[in-house]
Each structure stands twice: as C-alpha cells, then as structure tokens.
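The lines below spell out each chain.
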Amino acid sequence: MEDERIVLVIVPAFNEGKAVTTTVERLLAAGHRVVVVDDGSSDETMEVRRLPIVYLRHAVNLGQGAALETGMAYALRAGADIAVHFDADGQHDCAQIERLIAPIIEGKADVVFGSRFLRKEDRARVPWRKRILLRGGILISWAMTGVLLSDTHNGFRAISRRALERVHLQENGFAHATEIMQRVREAGMRYLEVPITITYTEYSQRKGQRLSGSLNILFDLIMAKLTK
Amino acid sequence: MILAQPILVALLALLVALYFARLRTRAWDILVIGLCFGIAALLVVRPSVATHLAHMVGIGRGVDLILYLAIPALALLILLLFARTRELNLKLTAAVREMALANPHVNAAPDHTKQ
Numbered sequence: 004m005e006d007e008r009i010v011l012v013i014v015p016a017f018n019e020g021k022a023v024t025t026t027v028e029r030l031l032a033a034g035h036r037v038v039v040v041d042d043g044s045s046d047e048t049m050e051v052r053r054l055p056i057v058y059l060r061h062a063v064n065l066g067q068g069a070a071l072e073t074g075m076a077y078a079l080r081a082g083a084d085i086a087v088h089f090d091a092d093g094q095h096d097c098a099q100i101e102r103l104i105a106p107i108i109e110g111k112a113d114v115v116f117g118s119r120f121l122r123k124e125d126r127a128r129v130p131w132r133k134r135i136l137l138r139g140g141i142l143i144s145w146a147m148t149g150v151l152l153s154d155t156h157n158g159f160r161a162i163s164r165r166a167l168e169r170v171h172l173q174e175n176g177f178a179h180a181t182e183i184m185q186r187v188r189e190a191g192m193r194y195l196e197v198p199i200t201i202t203y204t205e206y207s208q209r210k211g212q213r214l215s216g217s218l219n220i221l222f223d224l225i226m227a228k229l230t231k
Numbered sequence: 048m049i050l051a052q053p054i055l056v057a058l059l060a061l062l063v064a065l066y067f068a069r070l071r072t073r074a075w076d077i078l079v080i081g082l083c084f085g086i087a088a089l090l091v092v093r094p095s096v097a098t099h100l101a102h103m104v105g106i107g108r109g110v111d112l113i114l115y116l117a118i119p120a121l122a123l124l125i126l127l128l129f130a131r132t133r134e135l136n137l138k139l140t141a142a143v144r145e146m147a148l149a150n151p152h153v154n155a156a157p158d159h160t161k162q
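Listed in order, the protein sequences are those of chains A and B.
First residue of the first sequence: 4, per the working numbering; consecutive thereafter.
First residue of the second sequence: 48, per the working numbering; consecutive thereafter.
Just so you know, these hints were derived from the structure itself, not from any lab.
Note that the Cβ used here is the ideal one computed from N, Cα and C, for glycine as well.
A couple of the hints might just be wrong.
To be verified - Stretch by stretch, here's where chain A covers chain B in the computed footprint (C-beta under 8 Å, at least three residues):
| id | region |
| --- | --- |
| 1 | 83–93 |
| 2 | 133–141 |
Claimed, not checked - Restraint-style ranges between C-beta atoms, simulated for each label pair:
| id | chain 1 | residue 1 | chain 2 | residue 2 | range |
| --- | --- | --- | --- | --- | --- |
| 3 | A | 49 | B | 126 | 37 to 45 Å |
| 4 | B | 138 | A | 96 | 51 to 59 Å |
| 5 | A | 229 | B | 54 | 35 to 43 Å |
| 6 | A | 139 | B | 107 | 56 to 64 Å |
| 7 | A | 96 | B | 145 | 45 to 53 Å |
What the hints assert, rightly or not - Here are the simulated SDA-like pairs of lysine to any residue, each with C-alpha atoms no more than 20 Å apart in a straight line:
| id | chain 1 | residue 1 | chain 2 | residue 2 |
| --- | --- | --- | --- | --- |
| 8 | A | 228 | B | 125 |
| 9 | B | 138 | A | 198 |
| 10 | A | 228 | B | 123 |
| 11 | B | 138 | A | 76 |
| 12 | B | 138 | A | 173 |
| 13 | A | 228 | B | 136 |
| 14 | B | 138 | A | 176 |
| 15 | B | 138 | A | 229 |
| 16 | A | 228 | B | 122 |
| 17 | A | 228 | B | 129 |
| 18 | A | 228 | B | 128 |
| 19 | A | 228 | B | 127 |
| 20 | A | 228 | B | 131 |
| 21 | A | 21 | B | 152 |
| 22 | B | 138 | A | 227 |
| 23 | A | 228 | B | 152 |
| 24 | A | 228 | B | 132 |
| 25 | B | 138 | A | 62 |
| 26 | B | 138 | A | 137 |
| 27 | B | 138 | A | 21 |
| 28 | B | 138 | A | 226 |
| 29 | A | 21 | B | 127 |
| 30 | A | 111 | B | 125 |
| 31 | A | 228 | B | 154 |
| 32 | A | 228 | B | 137 |
| 33 | B | 138 | A | 43 |
| 34 | A | 228 | B | 134 |
| 35 | A | 21 | B | 154 |
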C-alpha cells in the first residue's frame, strides 16, 4: 500500500524512559522509518538513539506540540510524502498505520485523524473518566475551531506532504491537538477520521491527561485567542 | 497642596520617563501614556474631581472609583505581559527547533531520500 512513498513516523518523547525504546522497536520491526523527537528528557529516553532511527533533541523541554512541529519540519526537509504522529507510550498500534495513511495515498484526504469513538468496540475500551474528559475537549475544540471531530485529543494522525507544507503548529503544549484542527481548516486541507484502537496500559494511563492538564489546555487556547 | 501630591506626581512622571526610556516610543504609545499620566496627575492634584466622577456613577468615594478602574487596567497589563512572554516563547521555540534540526543523530542512516 505504501508503494514508493516515504512515510516517516514521528514519535515525540519526554521522559518516556524505556517505553519509547519498546515502542520504536515495534515500529522498526514493522518496517517503518522513525524520527524520535526527544523534548529535552532527563531520563534514559536518549537510549533510543542506539536504534536505526533519526533522533532529534530539543535542548530544553518545550512541549508535545513543539516536538511534533520539529518532527514535521524534519519530515518536510527530508522529502517525506507522509508524516505519522505516534505516541511514545505504547498506546498506539503500528499495525494501524497503513489504515491511517490509506486515505492520503488514495487521494481522499490531506490529513487523517485517528478516532477511538467511531466503533463501538474502540469506544468501550476508553475508561469512563477519560471519556467524559475527551467529550468535553471535543465540544471546546468545536467551539473554538468550528471543526467537529469525534476524537480531538487523539495523537494518532497522518499528514500529507501538501499539509506539511501548509500546517504549522504554534501551540507548544497539548493545545496543539485543537490548534491543528484550526490550521487544517484555515489551510483548506481535506480531512477525515478513521477508526483506531487505543491500548491503555498502566503506564500510558499514568502519563495521560488529567483534569488539571485539560484546564491548562483551555487556558492556553483562550490566551492564544486573546493575544493573537 | 499637601506634601503627598507633588511626590505622587513626581513618581508618575518618573514612571512615564522610565516607560519611554526602556520600552516603547511609538506615537500611539506616547498619546495613550500621556493621556493616562494627565488623568492620574489631575486626580492627584484635584481629588475632588475623582469624588465628583464617583458620585456621577453612584460610587461614594473617589478613591473607590480609582480602585475599581485599576482592576481591569491591571488585568489588561497582565494580558500585555503574557502576550510579550508568548512572543519570546515563540522565538525560543524556533531557536531550539533549528538547533535540533541542524544536529540530527542519524543511526545506521535510514534512507529518507526519494528513490
């Protein structure tokens, strides 16, 4: 399905310890090309460098949005046709990358968002507390961007080269997930959602968003609007 | 005139001078800051003006009116400072990003170039 197109999988990582190495090993075993953006980690995240990947390091911690933008800038310069956002904590399944990039290869979309709310079986896997938090995020993102997605804060996305050239993130933190919707709409990119399955591990749950994090996202979005 | 009045006016003048020396000198700023300084100096020298204005809007004391007006003014100031911090943050991010992109660690050189 990938034909001769260059697909780079961008893995942002901040203090992910051994988890990022395990995630990248799985991606490499599945034959993917990987770019890890270490967002100024102070733990053993750097160990991932021994693997056959491209490793970029931020001198200071900036946030997940900044790490993804760095990865996308690298992908653009390296001549990638498609960039895939992939979480370092192991909750995404590399076997689903093909499904995610298929609409781009088929020319149906410029940006593809993964969604855990399109299929009943995927929805059932989301813990109820997280489900409430995510639903709130969907409504806020809709109100702020005019784009209604079923799963706004899902880090599993595919971006075509056309979109890489036009969509640039300025939100360094987790607010990038809402910002990317706005940028995609402003750039007139075609987008769609495909169902994906998230595997919640004890580790990914611990690293995941909490209510305080969601309030920070809301604050960042409001301040971005006010100071634009 | 009581002793506090010339001291307060001198402090206000010093603040304005510092503002223009250290921060902005655009025509629009000069107009706004000059107007703010004029109003503040007038309220210090003629406190009865503040009292009169307060009574017009149903507030008992002039000093209360100034306090109420100071709250949104401070909020605006915080917003301006936040905007400045955000601007700096964008510059820092761009610099850190360029450093990262200029020094990629490529292990076993995966082929990212087109065939």
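Status of each hint after checking the structure:
1. For the region 83–93 of chain B, the stated coverage by chain A is violated: 0 residues have a C-beta nearer than 8 Å to a C-beta of that chain, whereas at least 3 were required.
2. Three residues within the 8 Å Cβ limit are the bar, and the region 133–141 of chain B against chain A gives 5, so the coverage statement holds.
3. Evaluation of the 37 to 45 Å hint for residue 49 of chain A and residue 126 of chain B yields a pass: the beta carbon distance comes to about 39 Å.
4. A hinted range of 51 to 59 Å for the beta carbons of residue 138 of chain B and residue 96 of chain A is inconsistent with their spacing of about 38 Å.
5. For residue 229 of chain A paired with residue 54 of chain B, a C-beta distance near 36 Å keeps the hint of 35 to 43 Å intact.
6. With their beta carbons about 43 Å apart, residue 139 of chain A and residue 107 of chain B fall outside the hinted range of 56 to 64 Å.
7. Look at residue 96 of chain A against residue 145 of chain B: about 33 Å separates their beta carbons, and that is not inside 45 to 53 Å.
8. Restraint check for residue 228 of chain A and residue 125 of chain B: the C-alpha separation of about 15 Å stays at or below 20 Å, so the hint holds.
9. About 37 Å separates the Cα atoms of residue 138 of chain B and residue 198 of chain A, which puts this hinted pair outside 20 Å; it is violated.
10. For the hint pairing residue 228 of chain A with residue 123 of chain B, the CA-to-CA distance comes to about 15 Å; that is within 20 Å, so the pair holds.
11. Distance restraint check for residue 138 of chain B and residue 76 of chain A: the Cα-Cα separation of roughly 16 Å lies within the 20 Å cut-off, and the hinted pair is therefore satisfied.
12. Distance hint between residue 138 of chain B and residue 173 of chain A is fulfilled; the C-alpha atoms sit about 11 Å from each other, no more than 20 Å.
13. In summary, the hint linking residue 228 of chain A to residue 136 of chain B is supported, as the alpha carbons are separated by about 16 Å, within the 20 Å threshold.
14. Of the pairs offered as hints, the one joining residue 138 of chain B and residue 176 of chain A holds, with about 15 Å between alpha carbons and a cut-off of 20 Å not exceeded.
15. Annotation: proposed proximity of residue 138 of chain B to residue 229 of chain A holds, straight-line Cα distance about 19 Å (limit 20 Å).
16. Our distance criterion of 20 Å between C-alpha atoms is met by residue 228 of chain A and residue 122 of chain B, whose separation comes to about 16 Å.
17. Between residue 228 of chain A and residue 129 of chain B the alpha-carbon distance is near 12 Å, which keeps this suggested pair within the 20 Å criterion.
18. Pair hint residue 228 of chain A plus residue 128 of chain B holds up; C-alpha atoms about 15 Å apart against a cutoff of 20 Å.
19. Proposed proximity of residue 228 of chain A and residue 127 of chain B is supported: the alpha carbons are some 13 Å apart, at most 20 Å.
20. Of the supplied pair hints, the one linking residue 228 of chain A and residue 131 of chain B holds, its CA atoms being roughly 14 Å apart against a limit of 20 Å.
21. Annotation: proposed proximity of residue 21 of chain A to residue 152 of chain B holds, straight-line Cα distance about 19 Å (limit 20 Å).
22. Distance check on the hinted pair: residue 138 of chain B and residue 227 of chain A sit about 15 Å apart at the alpha-carbon level, within 20 Å; holds.
23. In summary, the hint linking residue 228 of chain A to residue 152 of chain B is not supported, as the alpha carbons are separated by about 36 Å, beyond the 20 Å threshold.
24. With a C-alpha separation of about 15 Å, the suggested pairing of residue 228 of chain A with residue 132 of chain B holds against the 20 Å cut-off.
25. With a CA separation close to 14 Å, the supplied pair residue 138 of chain B and residue 62 of chain A stays within the 20 Å bound.
26. Taken as a hint, the residue 138 of chain B and residue 137 of chain A pair is broken in the structure, with Cα atoms around 31 Å apart against an allowance of 20 Å.
27. Distance hint between residue 138 of chain B and residue 21 of chain A is unfulfilled; the C-alpha atoms sit about 32 Å from each other, more than 20 Å.
28. Only pairs whose Cα atoms come within 20 Å are accepted, and residue 138 of chain B paired with residue 226 of chain A is accepted, the gap being roughly 17 Å.
29. Proximity of residue 21 of chain A to residue 127 of chain B is assessed by CA-CA distance (about 42 Å); at most 20 Å being required, the pair is judged violated.
30. Distance restraint check for residue 111 of chain A and residue 125 of chain B: the Cα-Cα separation of roughly 45 Å exceeds the 20 Å cut-off, and the hinted pair is therefore not satisfied.
31. Note on residue 228 of chain A and residue 154 of chain B: the hinted pairing is violated, with a Cα-Cα distance of about 41 Å set against a maximum of 20 Å.
32. Proximity of residue 228 of chain A to residue 137 of chain B is assessed by CA-CA distance (about 15 Å); at most 20 Å being required, the pair is judged to hold.
33. A hinted pair counts as satisfied when its Cα atoms are at most 20 Å apart, and residue 138 of chain B with residue 43 of chain A qualifies at roughly 17 Å.
34. Restraint check for residue 228 of chain A and residue 134 of chain B: satisfied, since their Cα atoms lie roughly 14 Å apart, inside the 20 Å limit.
35. For a cut-off of 20 Å, the pair hint linking residue 21 of chain A to residue 154 of chain B stands: about 18 Å separates their Cα positions.
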